[in-house]
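Number of protein chains: 2
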Amino acid sequence: MTQARETVSFKPGEVILYPGVPGPRDRAFRVLEGLVRLEAVDEEGNALTLRLVRPGGYFGEEALFGHERGYFAEAVTGVLLEALPKEPTPEEVEALAQHLSQALSESYRRIERLATQRLKNRMAAALLELSETPLAKEEEGAIVLHATHDELAAAVGSVRETVTKVIGELSREGYIRSGYGKILLKDVRGLKELAQSRGDGR
Amino acid sequence: MTQARETVSFKPGEVILYPGVPGPRDRAFRVLEGLVRLEAVDEEGNALTLRLVRPGGYFGEEALFGHERGYFAEAVTGVLLEALPKEPTPEEVEALAQHLSQALSESYRRIERLATQRLKNRMAAALLELSETPLAKEEEGAIVLHATHDELAAAVGSVRETVTKVIGELSREGYIRSGYGKILLKDVRGLKELAQSRGDGR
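These protein sequence lines map, in sequence, to chains A and B.
Here the first sequence is numbered in the working numbering, starting from 6 and rising by one per residue.
Here the second sequence is numbered in the working numbering, starting from 6 and rising by one per residue.
Derived by calculation from the structure, the hints in this document are not laboratory data.
C-beta: ideal position from N, C-alpha, C; glycine also.
A portion of the hints provided could be inaccurate.
[Unchecked claim] Far from chain A, some chain B residues (derived; all Cβ distances over 12 Å):
no., residue
1, Glu19
2, Val20
3, Ile21
4, Pro29
5, Glu143
6, Gly173
7, Arg194
8, Lys197
[Unchecked claim] Restraint-style ranges between C-beta atoms, simulated for each label pair:
no., chain 1, residue 1, chain 2, residue 2, range
9, A, Arg177, B, Val13, 51 to 59 Å
10, A, Pro17, B, Glu111, 24 to 32 Å
11, B, Lys142, A, Arg177, 54 to 62 Å
12, A, Gly173, B, Asp155, 33 to 41 Å
13, B, Lys142, A, Gln107, 35 to 43 Å
14, B, Ser202, A, Pro90, 35 to 43 Å
15, A, Arg59, B, Lys142, 40 to 48 Å
16, A, Gly50, B, Ser14, 48 to 56 Å
17, B, Gly186, A, Pro95, 40 to 48 Å
18, B, Lys191, A, Gly173, 43 to 51 Å
19, B, Lys170, A, Asp155, 32 to 40 Å
20, A, Thr94, B, Asp155, 40 to 48 Å
[Claimed, not checked] Chain B stretches covered by chain A per the calculated footprint, using a threshold of three residues with CB under 8 Å from any CB of chain A:
no., region
21, 53–67
22, 71–78
23, 98–106
24, 116–127
The whole structure should be built from the sequences, with the hints applied where relevant.
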């Protein structure tokens, strides 16, 4: 039996979910198109990216299980979402479990990077991660990221001023070329090496 | 139809799972008794705790989904585990999905703490987390943790020398009393306040 699926769309910058205990009308979502950012925001308005959800990925699954949500979900690009039914099929629950397992692995790597890597190396990792999202476009044979320094700060768990310094350093060293709201990845292999090393001690 | 369940036990310090691509004999586990630590270990042997799995929790679920495992799983105390069948029932998959969703929420908080909190505040959070595991005993009306400074360093993503300094500070300020391999939580409410605040900027 096929079920009609409920879809919903959001514009760039729109908040899809707020932190808190899920209410009876709250839903879990699967991303069909676009990019969703799960983030924490502190009292001063500094955002910290917790996870990026790409097409095929799920978020908001607290609504199925009834525990508290600790994040904002925001549309980074225009997004199209499928709202999961309140009682998903066993196949859907399995796909969800598989996605959560992957997301957990990614968050372990994130924890490792935060605990052991220098900001410059974490930034290289973040640029490479963003290069595999809809924020990246290929222009004249190179990858160009459309991201502000605020967005990069949220991605690495730092603040804009510090990020601006690190982006300047990566530019001078020839890894990237940085323009207004845009970053061109000049040396992807070099960035991969940086992303894999720790920098100077922890 | 009831299925006989396969259980397996490990002694404190034994490695249950190694990082890598799960093989055909690899299994996912549910903790029945004891405490399991998932950790990353760097080239110099420094451990970083990624997650603690308590009774009722699952780990090793990569074996069900076939993606690479990025952690060691180690028995912290003596543990008794249930090995999940290769094809778990829909109820088991749902319980697993629910656990993974909770674990992901916890790892978001971990990411937030690492990105924004000072070590002293993270240590307060780690001591409180450990106080809800089998490493904690009640002695003369107070909670006593059995943990070395190496274990505490792994819990907060730091190194022993730095942890020793922070533990000294928390002792002098009356939050804890520290002995050999033992920490008595003297001021749980004060530790909770510390765990909830950021410390001095990030």
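Here is what the structure says about each hint:
1. In this structure glutamate 19/B is separated from chain A by more than 12 Å, as the shortest Cβ-Cβ distance comes to about 21 Å.
2. No beta-carbon of chain A comes within 12 Å of the beta-carbon of valine 20/B; the shortest separation is about 17 Å.
3. The beta carbon of isoleucine 21/B is kept farther than 12 Å from every beta carbon of chain A, the shortest such distance being approximately 16 Å.
4. No Cβ of chain A approaches the Cβ of proline 29/B within 12 Å, the least distance being about 18 Å, so the stated non-interface status holds.
5. A cut-off of 12 Å between C-beta atoms confirms that glutamate 143/B is not in contact with chain A; the least separation is 27 Å.
6. With a cut of 12 Å on Cβ distances, glycine 173/B stays outside the contact zone with chain A, its closest approach being about 20 Å.
7. Residue-level check passed: arginine 194/B sits 22 Å from the nearest beta carbon of chain A, beyond 12 Å.
8. At roughly 17 Å from the closest C-beta of chain A, the C-beta of lysine 197/B stays outside 12 Å, upholding its exclusion from the interface.
9. The hinted window of 51 to 59 Å between arginine 177/A and valine 13/B holds, with their beta carbons roughly 55 Å apart.
10. A hinted range of 24 to 32 Å for the beta carbons of proline 17/A and glutamate 111/B is consistent with their spacing of about 30 Å.
11. The supplied range of 54 to 62 Å is met by lysine 142/B and arginine 177/A, whose beta-carbon atoms lie about 55 Å from each other.
12. Separated by about 38 Å at the C-beta atoms, glycine 173/A and aspartate 155/B satisfy the suggested range of 33 to 41 Å.
13. Look at lysine 142/B against glutamine 107/A: about 37 Å separates their beta carbons, and that is inside 35 to 43 Å.
14. With their beta carbons about 41 Å apart, serine 202/B and proline 90/A fall inside the hinted range of 35 to 43 Å.
15. A beta carbon spacing of about 45 Å between arginine 59/A and lysine 142/B agrees with the range 40 to 48 Å that was offered as a hint.
16. Look at glycine 50/A against serine 14/B: about 50 Å separates their beta carbons, and that is inside 48 to 56 Å.
17. For the pair glycine 186/B and proline 95/A, the beta carbons lie near 47 Å from each other, so the given range of 40 to 48 Å is met.
18. For the pair lysine 191/B and glycine 173/A, the supplied restraint of 43 to 51 Å holds, since their beta-carbon distance comes to about 47 Å.
19. The beta-carbon spacing between lysine 170/B and aspartate 155/A, approximately 34 Å, falls within the hinted interval of 32 to 40 Å.
20. Taken as a hint, the range 40 to 48 Å holds for the pair threonine 94/A and aspartate 155/B, whose Cβ atoms sit roughly 46 Å apart.
21. Chain A is given as covering the region 53–67 of chain B, and this holds because 5 residues of the stretch bring a CB closer than 8 Å to a CB of that chain, at least three being needed.
22. Counting residues of the region 71–78 of chain B whose beta carbon lies closer than 8 Å to any beta carbon of chain A gives 5, which meets the minimum of three for the stated coverage.
23. For the region 98–106 of chain B, the assignment as covered by chain A holds, since 7 residues bring a beta-carbon within under 8 Å of that chain's beta-carbons and 3 suffice.
24. Note: the region 116–127 of chain B has 5 residues with beta-carbon separation from chain A under 8 Å; the three-residue rule is met and the coverage holds.
Checked against the numbered hints given earlier, the structure satisfies every one of them.
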